Amino acid sequence: MPDGPSPHPEGPAPAILTATAVRKTYRTGAESVLALDDIDLRVAAGEFLAVMGPSGSGKTTLLNCLSGLDDIDAGSVDLGGESIHEMTDARRTRHRARTMGFIFQSFNLIPVFSAVENVELPLLLAGVSPKESRRRAEESLERLGLGHRLRHRPPELSGGEQQRVTVARAIAGEPSIVWADEPTGNLDTETAGSVMELLGDLHRAGLTLILVTHDQAIGATAGRRIEVRDGRIVADRRQGTAA
Amino acid sequence: MILVALISLPFAVLALRRPVLRRLAVRNLARRPRETALVVLGSLLGTAIITSSMVVGDTLDASLRQGTRTQLGPIDELIATSGADEQATLAAALGELDAGDDRIDGVLALTALRVAASTPGPGGEVARAEPGATLVEVDFPAARAFGGEPAATGIEGPTPGPGRTVVGTDLAEELGVGPGDTVSVYAFGGQRDLVVDRVLDQRGIAGFTLAFGTSSPTLFVAPGTLADLGGPPAAPGAAPPSSFVAVSNQGDTLAGAEGTGAAVAAITEHLGSTPGGLATTKADREADAEEVGAQFSELFGSIGFFSVLAGVLLLVNIFVMLAQERKSEMGMLRAVGLRRAGLVGSFSLEGWMYALASAGLGAAVGIGIGRVVSGVAADIFGGQEATLELTFAADAASVESGFSTGFLIALVTVVLTSLSISRVNVIRAIRDLPEPPAPRTRLRSLVAGAVVVLAAGAWSATGIPAEDPFASLAGPVLVVAGLVPLLSRWVPRRPLVSVAAVAALAWGVTAFGVLPGAFAGAEIPVFVVQGIVLTAAAVALATQNQEALGAALRHLGRGRSMALRLGLAYPLARRFRTGMILAMYSLVVFTLVFIVVLSNLFASQIERFTEEVSGGFDLEVSSNDANPVPVDEVRARGDVGTVAALADAGAEFRTPRTGGEFERWFVTGIDEAFVEAGPTSLGDLGDYPDAGAAYRAVLDDPSLVIVSDFFLQGGGGPPEEALEPGEQITLRDPVSGQTRDLTIAALADSSFANVGAYISRSSLEELYGPRAVANRLLVAGAPETDPEVLAGELDATYLANGADAETFRELVATNLASQTQFFRLMQGYLALGLVVGIAGLGVVMVRAVRERRRQVGVLRALGYPSAAVRRAFLVESAFVAAEGILIGTALALASAWQIVGNDTFGDDLAFVVPWNEVALLAVATLVASLVATAIPAQQASRIRPALALRLAD
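Protein sequences appear in the order of chains Y and L.
Per the numbering used here, the very first residue in the first sequence carries number 1; after that it's consecutive.
Per the numbering used here, the very first residue in the second sequence carries number 1; after that it's consecutive.
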């Protein structure tokens with residue numbers, strides 16, 4: 001769990017992410033689709049941002065482009081003081097390993113690795129020693145209530161358990177920012193609630209969280225919501241309280 | 001082909017009547033053209049191997065059969081006579097038969113003599129020589145009229161006059177002569193110069209020769225010329241000419257042999273008995289050609305079986321992977337109403353198309369491979385004494401058979417696999433959930449296990465006492481395999497399978513030593529079964545214990561290497577898939593390494609073999625029967641120590657193993673000097689204390705014979721059904737038909753120099769008369785004499801005698817070189833199986849990249865470098881390939897060690913591992929595997945995380 005700065009109720013916190021005039025077009029055959037159209041966005045450190053919008057609006061594309069998972073056609077994305085799209089692929093990859101965590105709708109755990117092996121993966125990638133990685137991974141899983149499932153492989157876990165392993169994996173490397181793409185999309189209401197509680201706890205502990213969802217109730221738990229339609233941010237609202 | 005059509009009918013009907021299934025199958029094929037091509041490539045090799053083995057047989061059959069046209073033509077039977085008088089009488093008698101019986105349509109007297117022939121150089125010296133030419137005396141008009149098919153006789157123009165000759169093309173090319181040139185022939189101690197009238201093509205009687213092989217170094221002279229050359233009794237020690245009466249059966253050159261039985265019956269009826277010297281020459285040659293062709297088909301078919309099996313494993317693997325890849329689609333199809341039979345139909349239809357395409361292409365590729373293999377084989381044989389002119393042939397029946405067999409193997413594999421993979425739970429398939437673990441003991445497994453135990457137990461109980469090698473080898477292993485499902489109720493699977501696999505491995509390696517009787521003379525199919533037993537057991541053992549191996553490797557990598565960790569994780573988790581690839585690699589590498597070891601085993605024993613076959617001599621000198629090298633003259637040379645004069649002759653033998661028939665072989669008459677010098681070693685001394693005593697007994701007792709354990713055997717591999725000391729055999733003179741009963745005194749070691757049957761020379765002379773001549777001398781050089789130099793001098797001195805001197809070392813080296821070349825050819829052939837294995841790995845990795853696209857995307861998102869993704873895929877393929885290579889190599893070395901230790905290939909052979917070659921093979925295979933994985937690995941490393949995740953989510 002990161003011990004990062006707490007939210008800054010007194011004034012604007014330093015930006016962890018700044019996107020300027022980001023543009024992204026997909027080409028399929030002769031057709032091209034403008035997925036992101038001149039996106040400007042600033043996210044403060046410790047902020048909990050919900051990206052909302054209907055299906056096909058460009059939410060996931062926005063997440064991918066902002067996190068550096070995908071390239072952009074124009075504009076710039078500054079993350080933690082570095083322009084990620086100006087980096088080489090190798091450097092951007094290292095940057096991701098050091099500073100980011102990801103949570104996906106389909107969990108996307110590596111099926112041939114056990115729960116603990118999945119969680120220690122980003123630690124090892126960040127250069128932490130195998131022994132220390134294993135210790136921290138076990139600790140994370142135990143903290144998330146999966147101490148009894150350390151050696152189980154993903155197919156042997158329930159959906160909720162798998163998503164908790166994903167959360168553990170996302171935070172194990174103590175990233176400065178965690179990206180979550182529809183993290184509760186594959187879960188029942190009860191499990192989804194517990195996962196959101198978990199994410200809320202992490203945010204309260206200082207984690208910057210950017211969450212993509214089309215679920216209004218989930219979006220309502222975030223401190224700030226942006227609405228994306230046809231590749232543009234059409235609304236940007238701050239809420240009174242964050243979950 | 002009818003079978004293929006019949007089997008294809010239901011698929012064709014299915015394709016026509018179920019458009020949905022047809023569409024599914026066709027579109028799945030077209031969906032990934034590159035992978036479809038890889039699958040077809042992997043599967044076509046099975047058909048190619050089967051077809052090529054048959055084409056090799058066809059080519060050798062046709063090449064040998066070609067001799068009936070080029071060297072016999074209308075000649076169907078040859079009756080050897082004791083001399084000119086008998087020849088004339090017999091020809092006259094059969095002439096009467098020819099006039100009144102339609103079973104034969106020609107009788108011709110011809111006389112032949114082995115001579116040396118040469119052409120003089122500008123200074124009168126010998127320019128070019130042929131020591132083994134055949135001088136034929138025949139009346140040309142009679143020869144051309146013989147058999148009623150003049151063109152087939154090859155004879156043209158009038159009979160050459162006195163001092164003139166007509167030369168066959170082979171000899172004309174060898175000597176470089178044409179019309180008007182002079183050829184010198186040497187026989188009976190004299191020389192005769194003949195002027196060439198014309199050159200005849202090698203066809204029919206014009207290609208008649210006494211030499212072995214498909215070349216005909218023949219020259220023709222007028223009747224009476226041979227008498228002018230002299231001969232016994234004027235030339236003591238020389239064999240008289242061979243006088244024959246040739247008979248042409250009713251029908252042309254090709255059909256003649258079919259009338260052999262009728263013609264022999266006609267001759268027997270007419271003469272009152274079958275002439276002793278009658279040989280059904282054309283029918284025998286055709287039978288030999290067929291036998292040799294069949295032997296080669298079987299040899300290449302057997303060694304290619306491993307590759308075919310690898311192809312089957314590849315198909316199973318591919319279809320299982322296809323099913324896994326399409327799991328959710330299959331679930332959806334089932335959900336919308338497609339029955340399980342429909343799924344099976346769709347997969348089978350797709351497989352049917354694969355099978356048809358791969359069998360068609362495989363048959364075409366097989367013809368090409370067959371051509372290459374035949375060419376290389378012909379080169380190898382061409383290096384030996386008997387040349388073989390290659391006539392490439394691919395019978396439609398063989399190609400059709402290869403196509404059908406390949407098609408059936410592929411189709412049966414695919415249908416069985418389809419039946420298995422179509423058993424899906426709809427919800428689990430749609431949601432891509434793993435199948436629950438199978439219950440520990442299923443009733444079906446228990447019943448199957450019990451049936452296997454009982455059947456294999458019964459097979460072993462009857463087969464082992466009967467010394468059946470297959471039952472002895474596979475029976476106990478199957479009993480153990482059947483026990484696994486029976487005991488799995490009480491014993492955990494991993495230790496149970498491990499113990500069973502170790503037991504099977506131990507039996508597979510040691511069976512040859514434990515039951516030597518069952519494996520004496522084991523043929524190639526036995527080794528094929530051994531290979532399958534060993535690899536199956538080793539792969540089962542490895543598959544059950546992969547985790548331990550993986551943990552050890554990870555430990556070695558100290559847990560830091562992410563590529564190692566990820567690269568090992570998949571093969572360890574996907575045990576079925578890994579097992580299939582392991583089996584492919586292990587099977588093929590096992591055979592390759594086994595052949596490499598075997599090849600070197602013999603090649604490295606040159607000194608030992610030389611010592612064994614030389615029997616105290618340095619070289620052997622063969623010469624023409626009509627003009628043998630004078631023994632006393634050679635003995636008197638200062639550079640010569642001891643000389644043994646042996647008489648080699650063609651003979652016919654009947655043994656308890658020949659079913660009452662006489663079979664052609666060689667007989668060798670030995671003399672005192674041969675025994676005194678310390679004769680060649682014996683494998684089974686019988687009742688004698690040593691080899692010298694056994695040979696001396698043969699020398700003293702005309703009813704005794706020593707034969708080699710290869711006596712009357714053809715083909716390759718270890719000797720089979722060798723005779724034993726004490727057994728009775730009968731020797732028959734093929735000219736006179738006289739017989740002599742002999743008792744086997746001892747068995748000689750099989751080797752390159754002593755495949756004949758040894759009797760005393762006096763005994764041979766008694767039976768053969770003047771035709772038993774000392775035509776092979778064994779010579780020991782005087783001290784300080786270089787055998788190579790001595791051989792060269794003897795060749796030059798006795799050129800007129802057709803002398804061919806060769807040191808035993810050279811003889812052994814030449815034979816070993818041919819053997820090694822043949823092993824190389826087999827290695828090349830087997831390497832095709834490796835192509836299947838490597839293609840299989842490539843296909844698996846290509847599919848793996850697709851299957852793990854999303855996982856690679858996640859890894860990349862988490863910060864996994866693209867180079868590490870590439871390395872992980874390479875580690876994965878290297879791990880599986882290396883494991884397969886290790887298993888195959890270890891098993892091959894263990895088997896070879898055990899087999900050599902049991903003297904299966906001869907006594908006291910030293911087991912030597914050619915580490916360099918084995919290492920080269922292993923490294924080359926590993927590198928090829930990595931190359932096959934390089935492209936998919938590169939593709940994996942280029943997966944863009946966002947794209948992979950977007951497609952997934």
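To be clear, the hints were calculated from the coordinates, so they are not data collected in a lab.
On a predicted model such as this, the values are computed, not experimentally measured, just so you know.
Take the hints with a grain of salt, since some may be wrong.
Facing chain L, a subset of chain Y residues (Cβ under 10 Å, in silico) [to be verified]: (1) Thr61; (2) Ala74; (3) Met87; (4) Ala90; (5) Thr93; (6) Arg94; (7) His95; (8) Phe102; (9) Ile110; (10) Val112; (11) Leu124; (12) Arg136.
The list that follows gives simulated cross-link-like pairs (lysine to any residue, SDA-like), each with its CA atoms no further than 20 Å apart [what the hints assert, rightly or not]: (13) Y/Lys131 to L/Gly550; (14) Y/Lys131 to Y/Glu197; (15) Y/Lys131 to L/Ala222; (16) L/Lys327 to Y/Glu156; (17) L/Lys327 to L/Pro120; (18) L/Lys327 to L/Leu416; (19) Y/Lys131 to L/Pro656; (20) L/Lys327 to L/Arg554; (21) Y/Lys131 to L/His555.
The following label-pair restraints were derived from C-beta to C-beta distances [as the list claims (entries may be wrong)]: (22) L/Glu851 to Y/Gly159: 19 to 27 Å; (23) L/Glu851 to Y/His152: 20 to 28 Å; (24) Y/Ser76 to L/Arg493: 51 to 59 Å; (25) Y/Ala30 to L/Ala341: 40 to 48 Å; (26) Y/Gly147 to L/Glu851: 27 to 35 Å; (27) L/Gly368 to Y/Ala30: 40 to 48 Å; (28) Y/Gly159 to L/Ala461: 51 to 59 Å; (29) Y/Pro155 to L/Asn545: 44 to 52 Å.
We put the CB at the ideal spot given by N, CA and C, even for glycine.
Quick rundown of the hints versus the structure:
Using the Cβ-Cβ criterion of 10 Å, the hint placing Y/Thr61 at the interface with chain L is satisfied: the shortest such distance is roughly 8 Å. For the restraint placing Y/Ala74 at the interface with chain L, the shortest Cβ-Cβ distance is roughly 17 Å, beyond the 10 Å limit, so the hint is violated. A cut of 10 Å between beta carbons decides the hint on Y/Met87: the least distance to chain L is about 13 Å, and the hint is violated. At a threshold of 10 Å, the smallest CB-CB gap from Y/Ala90 to chain L is about 6 Å, leaving the interface hint in force.
The restraint placing Y/Thr93 at the interface with chain L holds, with a minimum CB-CB distance near 5 Å, inside the 10 Å limit. With its C-beta approaching chain L no nearer than about 6 Å, Y/Arg94 sits inside the 10 Å limit, and its interface hint holds. Hint status for Y/His95: holds, given a least beta-carbon distance of 8 Å to chain L, under 10 Å. Taking 10 Å as the C-beta contact cut-off toward chain L, the hint placing Y/Phe102 at the interface holds, the least distance being around 5 Å.
Interface restraint check: Y/Ile110 against chain L, minimum CB-CB distance 6 Å, threshold 10 Å, status holds. Proximity of Y/Val112 to chain L holds as hinted, the smallest CB-CB distance being about 4 Å (cut-off 10 Å). A hinted interface residue such as Y/Leu124 counts as satisfied when its beta carbon comes closer than 10 Å to some beta carbon of chain L; here the least separation is about 6 Å, so the hint holds. Hint status for Y/Arg136 relative to chain L: violated, with the closest Cβ pair at about 14 Å, above 10 Å.
Pair hint Y/Lys131 plus L/Gly550 holds up; C-alpha atoms about 18 Å apart against a cutoff of 20 Å. For the given pair, Y/Lys131 sits about 30 Å from Y/Glu197 by alpha-carbon distance, which is inconsistent with the 20 Å threshold. Only pairs whose Cα atoms come within 20 Å are accepted, and Y/Lys131 paired with L/Ala222 is rejected, the gap being roughly 100 Å. A threshold of 20 Å between alpha carbons decides the hint, and for L/Lys327 with Y/Glu156 the separation of about 18 Å falls inside it, so the pair holds.
Between L/Lys327 and L/Pro120 the alpha-carbon distance is near 83 Å, which puts this suggested pair outside the 20 Å criterion. Pair hint L/Lys327 plus L/Leu416 holds up; C-alpha atoms about 18 Å apart against a cutoff of 20 Å. Proposed proximity of Y/Lys131 and L/Pro656 is contradicted: the alpha carbons are some 76 Å apart, above 20 Å. Between L/Lys327 and L/Arg554, the direct Cα distance comes to roughly 32 Å. Violation of the 20 Å bound is thereby established for this hinted pair.
Restraint check for Y/Lys131 and L/His555: satisfied, since their Cα atoms lie roughly 12 Å apart, inside the 20 Å limit. About 21 Å separates the C-beta atoms of L/Glu851 and Y/Gly159, a value consistent with the hinted range of 19 to 27 Å. L/Glu851 and Y/His152 have their C-beta atoms about 22 Å apart, which keeps the hinted 20 to 28 Å range intact. At roughly 58 Å, the beta-carbon separation of Y/Ser76 and L/Arg493 lies within the given 51 to 59 Å, and the hint holds.
Under the hint 40 to 48 Å, the C-beta atoms of Y/Ala30 and L/Ala341, about 42 Å apart, fit the expected range. Between Y/Gly147 and L/Glu851 the beta carbon distance is about 31 Å. The supplied range of 27 to 35 Å therefore holds. At about 44 Å, the beta-carbon gap between L/Gly368 and Y/Ala30 stays in the expected band of 40 to 48 Å. In this structure the supplied range 51 to 59 Å holds for Y/Gly159 paired with L/Ala461, their Cβ-Cβ distance being about 56 Å.
At about 22 Å, the CB distance of Y/Pro155 to L/Asn545 disagrees with the hint of 44 to 52 Å.
When each numbered hint is compared with the structure, violations occur for hints 2, 3, 12, 14, 15, 17, 19, 20 and 29.
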